[in-house]
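If you're matching them up, the sequences are chains A and B in order. The first sequence: position 74 = 75 (this note's numbering), numbered continuously. The second sequence: position 50 = 51 (this note's numbering), numbered continuously.
Don't read these hints as lab results, they were simulated from the structure. Just to be clear, a hint being listed does not mean it is correct.
What the hints assert, rightly or not - Here are the computed distance ranges between Cβ atoms for each label pair:
| # | chain 1 | residue 1 | chain 2 | residue 2 | range |
| --- | --- | --- | --- | --- | --- |
| 1 | B | L113 | A | S70 | 47 to 53 Å |
| 2 | B | P40 | A | S66 | 26 to 32 Å |
| 3 | B | A101 | A | S70 | 25 to 31 Å |
| 4 | B | S81 | A | V55 | 46 to 52 Å |
| 5 | A | T29 | B | T8 | 35 to 41 Å |
| 6 | B | L113 | A | H77 | 22 to 28 Å |
| 7 | B | S111 | A | K72 | 36 to 42 Å |
Unchecked claim - Below 27 Å or equal to it, Euclidean Cα-Cα: the simulated DSS-like pairs (lysine-lysine) are:
| # | chain 1 | residue 1 | chain 2 | residue 2 |
| --- | --- | --- | --- | --- |
| 8 | A | K43 | B | K15 |
| 9 | A | K16 | A | K59 |
| 10 | B | K71 | A | K43 |
The beta carbon of each residue, even a glycine, is placed where N, CA and C say it ideally should be.
Below, each chain spelled out in residue letters.
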Amino acid sequence: QQQVKQSPQSLIVQKGGISIINCAYENTAFDYFPWYQQFPGKGPALLIAIRPDVSEKKEGRFTISFNKSAKQFSLHIMDSQPGDSATYFCAARGGATNKLIFGTGTLLAVQP
Amino acid sequence: NAGVTQTPKFRVLKTGQSMTLLCAQDMNHEYMYWYRQDPGMGLRLIHYSVGEGTTAKGEVPDGYNVSRLKKQNFLLGLESAAPSQTSVYFCASSDSALPAQHFGDGTRLSIL
């Protein structure tokens, strides 16, 4: 019940295309859903986040879609660029200590 | 503003040796976390702290100990290193009022 399942494991997208990464969770007590971006040799960096009372959040080319009834959320990267090539992690927070449960990650490669 | 700083960046140990990883944050955050990152497994929480002098177990605490003697520092110790502890270790911190976690750039640890 504490897991966050992420798919796909890897993704290849052409420059200018749309990248879509999906996550699913079981614990309805989760109350915050961030996405992190990680470049090789660096730590994860917060990209965008959403709370379950909102169905969509957009920041520039990045959008989170949230489906509370299905317990799923996804990251959409519009107009994908080679600089977006990185590993993306979804996560979910449960509890007041800000502990996060992470998905297993998606390695995105955007081809020029 | 350095954010979260981890030392060392790389280390090679022999089985049975001990070592301490240091995490320092300059954002005055209450909460701090230690994760390990392994291929295909995402980030898994080892231990965390909600304030100076407090620590708690995460998802994979066995073989590790932690201490938080000062608010800005969070130490992760391996008393008797094992090859299974070969991993990349990340430290993170967050404000108690905001859920976003800020990560360091990791310590790459190999145990032979």
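Range hint 36 to 42 Å (beta carbons of S111 of chain B and K72 of chain A) holds or violated:
38 Å, holds
Satisfaction of the hinted span 26 to 32 Å by the C-beta atoms belonging to P40 of chain B and S66 of chain A
The hint (26 to 32 Å, Cβ to Cβ) holds, given that P40 of chain B and S66 of chain A are roughly 28 Å apart.
Just to be sure I understand the hint, the distance between the Cβ atoms of S81 of chain B and V55 of chain A should be within 46 to 52 Å; is that true here?
47 Å, holds
Within 27 Å, alpha carbon to alpha carbon, are K43 of chain A and K15 of chain B?
Satisfied, since the Cα-Cα distance of roughly 25 Å is no more than 27 Å.
Straight-line alpha-carbon gap K16 of chain A to K59 of chain A, limit 27 Å
Holds - the C-alpha atoms of K59 of chain A and K16 of chain A are around 20 Å apart, at most 27 Å.
Between the beta carbons of L113 of chain B and S70 of chain A, is the distance compatible with 47 to 53 Å?
About 50 Å separates the Cβ atoms of L113 of chain B and S70 of chain A, which means 47 to 53 Å holds.
Taking the beta carbons of T29 of chain A and T8 of chain B, is their distance inside 35 to 41 Å?
40 Å, holds
Does the Cβ-Cβ separation between L113 of chain B and H77 of chain A fall within 22 to 28 Å?
43 Å, violated
Just to be careful, I want the Cα atoms of K71 of chain B and K43 of chain A compared with a cutoff of 27 Å; is the pair within it?
At roughly 25 Å apart (the allowed maximum being 27 Å), K43 of chain A and K71 of chain B satisfy the hint.
CB-CB spacing for S70 of chain A and A101 of chain B relative to the 25 to 31 Å hint
26 Å, holds
Hint compliance for this structure: hint 6 is the single one not met.
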